[in-house]
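Visitor: Chain residues, written in single-letter form:
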Amino acid sequence: MGTSSKALTNSSEFVRDRLRGRRFDTTGFLFRVLLLGTLFITLLLLTTLIFDVVSGGWSVLSTRLGSFLTGKLSISATTAGISQGLRGTFFIGLFVVLIAFPLGVGAAIYLEEYASRSRLSRIIDVNIRNLAGVPSVVYGLLGFAIFVKALRFITGPQSNGATVISAGLTLAILVLPIVIITSAEALRAVPDSLREAGFGVGATRWEVVRSHVLPYAGPGILTGTVLSLARALGEAAPLILVGATTGFLSEGAGYSLSSLQERFTAMPIVIYTWAGRPQEGFRSATSAAIVVLLVVVLLANTVAILLRNKYEKRR
Amino acid sequence: MSPEARVKSNRDSSRVANPRLEIKRSPSDVPLTDVEDVEVFGVQDLSVYYGSFRAIRNVNMTVNQRQITSFIGPSGCGKTTLLRCFNRMNDLVEIARVDGKIMYHGVDLYHPEVNAVEVRRRIGMVFQKPNPFPKSIYDNITFGPKIAGIKGSMEEIVERSLRRAALWDEVKDRLKDSAMGLSGGQQQRLCIARALAVDPEVILMDEPCSALDPIATGRIEDLMEEIKSEYTIVIVTHNMQQAARVSDMCAFFTAEVNETSDTRTGILVEFDKTEKMFSNPSDERTENYVTGRFG
Chain C
1 MGTSSKALTN SSEFVRDRLR GRRFDTTGFL FRVLLLGTLF ITLLLLTTLI FDVVSGGWSV
61 LSTRLGSFLT GKLSISATTA GISQGLRGTF FIGLFVVLIA FPLGVGAAIY LEEYASRSRL
121 SRIIDVNIRN LAGVPSVVYG LLGFAIFVKA LRFITGPQSN GATVISAGLT LAILVLPIVI
181 ITSAEALRAV PDSLREAGFG VGATRWEVVR SHVLPYAGPG ILTGTVLSLA RALGEAAPLI
241 LVGATTGFLS EGAGYSLSSL QERFTAMPIV IYTWAGRPQE GFRSATSAAI VVLLVVVLLA
301 NTVAILLRNK YEKRR
Chain S
1 MSPEARVKSN RDSSRVANPR LEIKRSPSDV PLTDVEDVEV FGVQDLSVYY GSFRAIRNVN
61 MTVNQRQITS FIGPSGCGKT TLLRCFNRMN DLVEIARVDG KIMYHGVDLY HPEVNAVEVR
121 RRIGMVFQKP NPFPKSIYDN ITFGPKIAGI KGSMEEIVER SLRRAALWDE VKDRLKDSAM
181 GLSGGQQQRL CIARALAVDP EVILMDEPCS ALDPIATGRI EDLMEEIKSE YTIVIVTHNM
241 QQAARVSDMC AFFTAEVNET SDTRTGILVE FDKTEKMFSN PSDERTENYV TGRFG
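Protein chains in written order, with my numbering: chain C, 1 to 315; chain S, 1 to 295.
Hints were generated in silico from the structure; no laboratory data involved. Careful: at least some of the hints might be erroneous.
Said to hold, decoys possible - Label-pair restraints from in silico Cβ distances:
| no. | chain 1 | residue 1 | chain 2 | residue 2 | range |
| --- | --- | --- | --- | --- | --- |
| 1 | C | F29 | S | G218 | 48 to 56 Å |
| 2 | C | F90 | S | E94 | 54 to 62 Å |
| 3 | S | S210 | C | E312 | 43 to 51 Å |
| 4 | S | P214 | C | L19 | 48 to 56 Å |
| 5 | S | R174 | C | L103 | 40 to 48 Å |
To be verified - Distance condition first, Cα-Cα at most 25 Å in a straight line; then the derived SDA-like pairs of lysine to any residue:
| no. | chain 1 | residue 1 | chain 2 | residue 2 |
| --- | --- | --- | --- | --- |
| 6 | S | K146 | C | L194 |
| 7 | S | K129 | C | E312 |
| 8 | C | K310 | S | Y138 |
| 9 | S | K228 | S | A166 |
| 10 | S | K228 | S | W168 |
| 11 | S | K151 | S | V117 |
| 12 | S | K273 | S | D45 |
| 13 | S | K135 | C | R188 |
| 14 | S | K129 | C | A304 |
| 15 | S | K129 | C | P191 |
| 16 | S | K146 | C | P191 |
| 17 | S | K101 | S | D139 |
| 18 | C | K310 | S | D139 |
| 19 | S | K146 | C | E113 |
| 20 | S | K228 | S | S52 |
| 21 | S | K135 | C | Y311 |
| 22 | S | K276 | S | S261 |
| 23 | S | K135 | C | E113 |
| 24 | S | K135 | C | K72 |
| 25 | S | K228 | S | K276 |
| 26 | S | K101 | C | E196 |
| 27 | S | K176 | S | R163 |
| 28 | S | K129 | S | R219 |
| 29 | C | K72 | C | L61 |
| 30 | S | K276 | S | K129 |
| 31 | C | K310 | S | L175 |
| 32 | S | K129 | C | K72 |
| 33 | S | K129 | S | D213 |
| 34 | S | K176 | C | R188 |
To be verified - Below, a sample of chain S positions facing chain C; criterion: calculated Cβ distance under 8 Å:
| no. | residue |
| --- | --- |
| 35 | V93 |
| 36 | E94 |
| 37 | V98 |
| 38 | R121 |
| 39 | F133 |
| 40 | A148 |
It should be emphasised that the depicted structure is a prediction, and the values quoted were computed from it without experimental measurement. Glycine included, each C-beta is placed from N, C-alpha and C at the ideal position.
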């Protein structure tokens, strides 16, 4: 009895010792510090950027925000405004939403839900991925050749085709591959068991896609498409190639349909042009314009997040 | 006209895409005494391939009406593959190919004129993992009847299906709640109710209890026993006690290894009354399996 209880004490003491030993996991700690560092650097860069543009544009934003938003392009930095840039950016966004979204989401649904896994579909898949990596300048050239020159009679005969229609179509094409890829990924994330459940009660493919696959993939598709919208709103290079105006614009900068066939500018172009002006006043105007563009993009993302949360709750 | 009869006549008149598939059936059609004789499925020399890989070969068997037929055997012997041929679920696997015939009331299910969607309306399925739609309990039940074009009171269909699946009392006060909030066992019974809602003739069950605890499993087994009087059930199970408990007929499959290509092809070893399979099987391999000496 005595020896066996002693052995027990010994062994439990041994276990206690082993458990208590506080060992320091050096590699694990270093890895964690490294990860934290990357996060810190990223955040630091972002806050620096935002602080820089907000402080740079503060003199404009705080004193004449209203006239800055509603004013027109001008040679004088103190009166210059971005209404025409906002208008162009609005229409570009509209084109992307109306053209790239339905085309891209539709193509993705076909590829993921209908097309058979053949060699051809793999080739198409790879090529769409490659298209997403093509530099935006190349899309600008494409837009110039197709919309500005070949389709000038539609895009704007009076303005030599250098209109917001050409710009909107060009940027819609630019983001199309991104829309397809993100939508396809959202569709791929739909579990097959859900499709089987639908087929199992005698649904057709269309009924399964409409009632189960799309509602499930919807939030993911939405997030991806809105991110691509943000990309389109920020592009400057293709707009330069399709002939966005950097100087003055004639009157008629309204939101009417006929104004679509007039010359145009957009926020990234306004920023690009103003940044090149030597006058001191344009420096703060440039920063203010950047802040406005950032807010526009943030608003688009916020809408997307709100919509996504609304639909995800229904799951 | 009872609601049940209305549902049936509606489906039979409007939703039969292929007249050759029209089958006279209703639980009251055939007196219960001679149910043993009514053949629902006749499998004739069936082989299934995935690409060039042969998953199961030369299966011959029959499934009778209002009986529970169980498929047992070790993993990878093609039980699920065979089951998924019964409602053309394997169509969804692009590389799957079927050789031989599955006759369903005399109609070859793989005949080019047969509409797979219509097949799945008559031959429902319950899957291994409960897979309710991420929607309300109510919507889970009504989806099938709605797409089948069944008019009439959805409330009635929902209540009847949930009652048959022994779930009604647990969920009647929260039909609008998400099905994802149910427990695993409840979800599986909801999936059974969903399958029953379109009023199929056959229910295929692919290891329906493998993700459930013994109590939930017991409930599903009781449920199967109960609905057996109206439905033909084919169940794949890894649980031999379950096969012995619930099934009338039992098929034992095993895999034979092809030494040249190192692949495994499923074969049907023995198919007989469950009682005989578990007490006095004719094949030594069956005996080894059911007594636990192998697999």
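Visitor: Which earlier hints turn out false for this structure, listed by number in ascending order?
Guide: 2, 3, 4, 14, 17, 20, 22, 24, 30, 32, 34, 35 and 37
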